[in-house]
Amino acid sequence: MTKPARVGRLALALALLCALSGRAPAEPVKQLRVCSDPNNLPFSNDKLEGIENKIADVIAKDLGATVVNTWWPHQRGLVKRVLNTRRCDVMLGIPKGYDPVLWTKPYYRTGYVLAYRKDRRLDVRSLDDPTLKTLKIGVQVNTPPHDALGQRGIADNVVGYQLMFDSNFHAEDYPGKLVEDLVAGSIDVALVWGPIAGYFVKQKAAPLEIVLLEDRPESGNRFAFEISMGVRKGNSELKGKLEEALARRHDEIEQILGDFGVPLLPAAEDKARHKGAR
Amino acid sequence: MKLKSSIVAVVAVVLPVAAYGQGAPAGDLMSLQNDDGQWVLPAKNYAATRFSTLNKITPDNVKNLKVSWSMSTGTNQGHEGAPLVVGTTMYVHSSFPNHVYAVDLAKEGVPITWKYTPKQDVRAAPVACCDLVHRGLNYSQGKILMSTLDAQVIALDAKTGKELWKIKNGDPTKGETMTAAGLVVKDKYIVGISGGEFGVRGHVTAYDINTGKKVWRAYSTGPDEDLMLAPNFNAANPHYGQKGQGTSTWQGDAWKRGGGTTWGWYSYDPALNLFYYSTGNPGTWNPDQRLGDNKWSMTLWARNPDTGVAHWGYQMTPHDAWDYDGVNESILADLTIAGKKVPALVHFDRNGFAYTLDRTNGTLLVAEPFVHVNWASKIDKKTGRPIEDLSKRTKQGVVTKDICPNAMGGKDQQPAAFSPRTGLFYVPTNNMCMDYEATEVKYTAGAPYVGANVAMKAGPGGNLGELVAWDATTGKKVWGVKEPQPCWGGVLATGTDVVFYGTMDGWFKAIHAKTGKLLWKHKVGSGIVGNPMTFLGPNKKQYIAVYSGVGGWFGLPVSQDLPPNDPYAALGAVGLAYKSGLNKDTTKGGMVYVFELP
Numbered sequence: 001m002t003k004p005a006r007v008g009r010l011a012l013a014l015a016l017l018c019a020l021s022g023r024a025p026a027e028p029v030k031q032l033r034v035c036s037d038p039n040n041l042p043f044s045n046d047k048l049e050g051i052e053n054k055i056a057d058v059i060a061k062d063l064g065a066t067v068v069n070t071w072w073p074h075q076r077g078l079v080k081r082v083l084n085t086r087r088c089d090v091m092l093g094i095p096k097g098y099d100p101v102l103w104t105k106p107y108y109r110t111g112y113v114l115a116y117r118k119d120r121r122l123d124v125r126s127l128d129d130p131t132l133k134t135l136k137i138g139v140q141v142n143t144p145p146h147d148a149l150g151q152r153g154i155a156d157n158v159v160g161y162q163l164m165f166d167s168n169f170h171a172e173d174y175p176g177k178l179v180e181d182l183v184a185g186s187i188d189v190a191l192v193w194g195p196i197a198g199y200f201v202k203q204k205a206a207p208l209e210i211v212l213l214e215d216r217p218e219s220g221n222r223f224a225f226e227i228s229m230g231v232r233k234g235n236s237e238l239k240g241k242l243e244e245a246l247a248r249r250h251d252e253i254e255q256i257l258g259d260f261g262v263p264l265l266p267a268a269e270d271k272a273r274h275k276g277a278r
Numbered sequence: 001m002k003l004k005s006s007i008v009a010v011v012a013v014v015l016p017v018a019a020y021g022q023g024a025p026a027g028d029l030m031s032l033q034n035d036d037g038q039w040v041l042p043a044k045n046y047a048a049t050r051f052s053t054l055n056k057i058t059p060d061n062v063k064n065l066k067v068s069w070s071m072s073t074g075t076n077q078g079h080e081g082a083p084l085v086v087g088t089t090m091y092v093h094s095s096f097p098n099h100v101y102a103v104d105l106a107k108e109g110v111p112i113t114w115k116y117t118p119k120q121d122v123r124a125a126p127v128a129c130c131d132l133v134h135r136g137l138n139y140s141q142g143k144i145l146m147s148t149l150d151a152q153v154i155a156l157d158a159k160t161g162k163e164l165w166k167i168k169n170g171d172p173t174k175g176e177t178m179t180a181a182g183l184v185v186k187d188k189y190i191v192g193i194s195g196g197e198f199g200v201r202g203h204v205t206a207y208d209i210n211t212g213k214k215v216w217r218a219y220s221t222g223p224d225e226d227l228m229l230a231p232n233f234n235a236a237n238p239h240y241g242q243k244g245q246g247t248s249t250w251q252g253d254a255w256k257r258g259g260g261t262t263w264g265w266y267s268y269d270p271a272l273n274l275f276y277y278s279t280g281n282p283g284t285w286n287p288d289q290r291l292g293d294n295k296w297s298m299t300l301w302a303r304n305p306d307t308g309v310a311h312w313g314y315q316m317t318p319h320d321a322w323d324y325d326g327v328n329e330s331i332l333a334d335l336t337i338a339g340k341k342v343p344a345l346v347h348f349d350r351n352g353f354a355y356t357l358d359r360t361n362g363t364l365l366v367a368e369p370f371v372h373v374n375w376a377s378k379i380d381k382k383t384g385r386p387i388e389d390l391s392k393r394t395k396q397g398v399v400t401k402d403i404c405p406n407a408m409g410g411k412d413q414q415p416a417a418f419s420p421r422t423g424l425f426y427v428p429t430n431n432m433c434m435d436y437e438a439t440e441v442k443y444t445a446g447a448p449y450v451g452a453n454v455a456m457k458a459g460p461g462g463n464l465g466e467l468v469a470w471d472a473t474t475g476k477k478v479w480g481v482k483e484p485q486p487c488w489g490g491v492l493a494t495g496t497d498v499v500f501y502g503t504m505d506g507w508f509k510a511i512h513a514k515t516g517k518l519l520w521k522h523k524v525g526s527g528i529v530g531n532p533m534t535f536l537g538p539n540k541k542q543y544i545a546v547y548s549g550v551g552g553w554f555g556l557p558v559s560q561d562l563p564p565n566d567p568y569a570a571l572g573a574v575g576l577a578y579k580s581g582l583n584k585d586t587t588k589g590g591m592v593y594v595f596e597l598p
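Chains Y and C, in that order, give the protein sequences. If you count the first sequence from 1, position 271 lands on 271 in this note's numbering, and the numbers rise without skipping. If you count the second sequence from 1, position 585 lands on 585 in this note's numbering, and the numbers rise without skipping.
These aren't lab readings, by the way, just hints derived from the structure by calculation. It is possible that some hints are incorrect.
To be verified - Now the stretches of chain Y that chain C is said to cover, found in silico as 3 or more residues with beta-carbon under 8 Å: (1) 74-83; (2) 95-107; (3) 162-171; (4) 178-184; (5) 188-198.
As the list claims (entries may be wrong) - When the alpha-carbon atoms are kept at most 27 Å apart in a straight line, the in silico DSS-like pairs for lysine-lysine are as follows: (6) Lys166/C with Lys243/C; (7) Lys540/C with Lys584/C; (8) Lys457/C with Lys233/Y; (9) Lys80/Y with Lys174/C; (10) Lys523/C with Lys233/Y; (11) Lys177/Y with Lys166/C; (12) Lys47/Y with Lys115/C; (13) Lys233/Y with Lys584/C; (14) Lys96/Y with Lys540/C; (15) Lys204/Y with Lys177/Y; (16) Lys136/Y with Lys509/C; (17) Lys115/C with Lys401/C; (18) Lys213/C with Lys80/Y; (19) Lys523/C with Lys476/C; (20) Lys61/Y with Lys233/Y; (21) Lys177/Y with Lys174/C; (22) Lys395/C with Lys133/Y; (23) Lys509/C with Lys392/C; (24) Lys401/C with Lys66/C; (25) Lys96/Y with Lys133/Y; (26) Lys136/Y with Lys482/C; (27) Lys482/C with Lys401/C; (28) Lys80/Y with Lys579/C; (29) Lys579/C with Lys523/C.
Glycine residues also receive a C-beta, built at the ideal position from the N, C-alpha and C atoms.
Looking at chain Y on its own, in the form it has when it is part of the complex (with noise of 0.2 Å):
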């Protein structure tokens, strides 16, 4: 009886760590499973026309694979049931210390931004001025610009859009929207998440002024986020493939950011270095 039942125990643990391994050592990717939002651009839609529907084509082509998108809105629950249950092993664009998953090094820098249309010649440049007690706030309500307005006061003149949607079915709520009601000019200042108003500075040539947040995480406004890919935890073996084919595409990768207007920041280490140096 102790025999098998030993066999048993071992086979167990030697599933379980091929489990916590994800695949069995030494295999090359055959397929990059990615975890895609179906409706959500810039950052991916079931056309593939957004900025990590082409980053994982750039990644999948590195590693030899080709991408399969499981399409599920990036909303609460897609790690715990639709990552952790292996529909999918990645998702692209997610912030360097979100903590349900195993995060790669970043990939980019970037940060949250003001922006106004250009023919209101509003100048403004950063949330203490004055002037925004006076005008009609877009923001998405929880984000960190959200949070600082809170603290200087600023929630009278506030219009709250929803951080959460389900691009299943009200694609036409997705953070866009924002920058939409910006240009058709029925809000007069949005703060919004770079990335979202570089799309439509660049791809939409909406005439809009963009300026970067200050980042100032001790007082508690953090509003750059360095941008990693996230695997199941565990998942130590894809984490580290994907590392290698980001630092060899770095090029390609920029290239893309850059096509679709995502305002960069230097990297974390780069600015401690230009710290250093002043």
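Got chain Y sorted already, so can you dock chain C onto it with the hints?
Frame of chain Y, contents of chain C only:
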């Protein structure tokens, strides 16, 4: 100061129909609720006492209680609420996908007469908060009335399980879901909505039980016409707030995402023709973006069930910064306070205070902490407002340690019971505190943001729960039974002074209503987060039934197999649930257990 009268709650519900004259006819529930052989309302009766006069199971013989039969519900998520018994049929419900079974109690082996599973949008599940629980069914006039996680309201033929009508009460793809049982009053099924974290604006809605037609809808925030305030709203207590405050106590358009969802328990006073419920936390979790009281989130409401018009509203936690969802049950009991008979409403709030109010007009009579509370020192009875310790107020970007109770509250939705025999309330409570730690990177729909980490921990003494016997006339704890896990199941009190409750670690217990002395316990298949109930079988024997099936916020780590390596997951539940050993105490699985004497 103990109550002598033994029939107060019962008296309140047998007043003649003519006394509450206005509106629709009373319906069948007015008499059915008094038949203790059956259990036709989610909380036994409209007063929501969860008290039954059944007396065959006594403190002396309860030790002989044994399982009569049990049945799997076919789902593994948390099982809150209780089955109903109407005539010789038990109606059993499950967590998502919300199966309903009609079980024939009159036949050997209790066969299933019919089973119904609503067709649901599977994509409602990803967005639903917490666990995929459901808190039960309603019965009236030959119909079973229910709601679904994806926010449908459905009427079934109680005999056949055939769909009579169904309507959409909300849009799950906008985060609107339904988990509460609602309540049938006369010919209306009154239901609420869940989904505060998606910015859902809370409301209660009445549907005609015969047609499914919407009769009225009253919102928790916004302009007066949406709130449906009576001309003399809060006349007895103008300092609670009056007209215009559904928008003026918010900044900008924040009331549109104002939360105040309505996922708790409802009760009803036929004599006053008022129904009672309360609203959840304000939307937008950063309090700085919604300065003001944020009315009418966190509010106890009294509304006319025929028209929806609100007669009074009392906000318990103005400008919430802790997620002290105010949705817990309101129990109606006629109490004697300082020598005076009072038609009272007793409410044990997540914020840790037990409120005794005059239910005719909302006047606050008693407000005392029933668990360890430190965010406020007391409730000022003159103003009705808490006296806050400002150092315990959470703030985005700031670390705040040792806030008690934690966000799960001194008590969550698990309902208390009231025994008119002892005059005591039996309250399942949590003993937990939290550290609110700033700045965890989060992410949704392509954009990063910074949220708060909430670390849950045990309160003073180290036990996570306690069943508390409470005197609502004085606001004092009479005794308590400490539990290693949070008390996340409801309570039943009987006519022989036996109190039943279940625990998350899987014990179903009977204690003495006067002393708390343990009389009997039985380990069931999965932790209990449901509410015990009792009925007479066709053989006239007394039975006790309860769901087993761990889940809910604290039970989520077990019911959804969340790994222990992310202690902050499930809003901090994972860390404490593994630390307390819940994963060793029990496993998941939905069952109904029915007990009897040999």
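Here is how each hint holds up against the structure:
1. Under a criterion of three residues with beta carbons nearer than 8 Å to beta carbons of chain C, the stated coverage of the stretch 74-83 of chain Y is upheld, 7 such residues being counted.
2. Beta-carbon proximity to chain C at under 8 Å applies to 6 residues in the stretch 95-107 of chain Y; the threshold of 3 is reached and the given coverage holds.
3. Counting residues of the stretch 162-171 of chain Y whose C-beta lies closer than 8 Å to any C-beta of chain C gives 9; at least three are required, and the coverage claim holds.
4. Residue count for the stretch 178-184 of chain Y with a Cβ under 8 Å from a Cβ of chain C: 0. That is fewer than the three needed, and the coverage hint is violated.
5. Under a criterion of three residues with beta carbons nearer than 8 Å to beta carbons of chain C, the stated coverage of the stretch 188-198 of chain Y is upheld, 3 such residues being counted.
6. For the hint pairing Lys166/C with Lys243/C, the CA-to-CA distance comes to about 35 Å; that exceeds 27 Å, so the pair is violated.
7. Of the supplied pair hints, the one linking Lys540/C and Lys584/C is violated, its CA atoms being roughly 39 Å apart against a limit of 27 Å.
8. At roughly 25 Å between alpha-carbon atoms, Lys457/C and Lys233/Y fall within 27 Å of each other, so this suggested pair holds.
9. Between the alpha carbons of Lys80/Y and Lys174/C the distance comes to roughly 20 Å, so the proposed pair stays at or under 27 Å and holds.
10. Only pairs whose Cα atoms come within 27 Å are accepted, and Lys523/C paired with Lys233/Y is rejected, the gap being roughly 35 Å.
11. With a C-alpha separation of about 33 Å, the suggested pair Lys177/Y and Lys166/C falls outside the 27 Å cut-off, and the hint is violated.
12. Straight-line distance between C-alpha atoms of Lys47/Y and Lys115/C comes to about 42 Å, which puts the hinted pair past the 27 Å bound.
13. For the suggested pair Lys233/Y and Lys584/C, the alpha carbons sit about 23 Å apart, so the restraint of at most 27 Å is met.
14. Our distance criterion of 27 Å between C-alpha atoms is broken by Lys96/Y and Lys540/C, whose separation comes to about 64 Å.
15. Of the pairs offered as hints, the one joining Lys204/Y and Lys177/Y holds, with about 13 Å between alpha carbons and a cut-off of 27 Å not exceeded.
16. The suggested pairing of Lys136/Y with Lys509/C is violated, with an alpha-carbon distance near 58 Å, which exceeds 27 Å.
17. Taking the CA atoms of Lys115/C and Lys401/C, the gap is near 49 Å; set against the 27 Å cutoff, the hint is violated.
18. The suggested pairing of Lys213/C with Lys80/Y is violated, with an alpha-carbon distance near 38 Å, which exceeds 27 Å.
19. The straight-line distance between the Cα atoms of Lys523/C and Lys476/C is roughly 31 Å, outside the 27 Å bound, and the hint therefore fails.
20. For a cut-off of 27 Å, the pair hint linking Lys61/Y to Lys233/Y stands: about 24 Å separates their Cα positions.
21. Using a Cα cut-off of 27 Å, the hinted pair Lys177/Y and Lys174/C holds, with the two alpha carbons roughly 16 Å apart.
22. In summary, the hint linking Lys395/C to Lys133/Y is supported, as the alpha carbons are separated by about 22 Å, within the 27 Å threshold.
23. For the hint pairing Lys509/C with Lys392/C, the CA-to-CA distance comes to about 36 Å; that exceeds 27 Å, so the pair is violated.
24. A C-alpha spacing of about 46 Å is found between Lys401/C and Lys66/C, which places the hinted pair above 27 Å, so the restraint is violated.
25. The suggested pairing of Lys96/Y with Lys133/Y is violated, with an alpha-carbon distance near 33 Å, which exceeds 27 Å.
26. Between Lys136/Y and Lys482/C the CA atoms are separated by roughly 54 Å; this puts the pair beyond 27 Å, and the hint is violated.
27. Distance hint between Lys482/C and Lys401/C is fulfilled; the C-alpha atoms sit about 24 Å from each other, no more than 27 Å.
28. For the suggested pair Lys80/Y and Lys579/C, the alpha carbons sit about 21 Å apart, so the restraint of at most 27 Å is met.
29. The hinted pair formed by Lys579/C and Lys523/C meets the criterion: a straight-line CA distance of about 21 Å does not exceed 27 Å.
Violation of the numbered hints given earlier is confined to hints 4, 6, 7, 10, 11, 12, 14, 16, 17, 18, 19, 23, 24, 25, 26; the remaining hints are satisfied by the structure.
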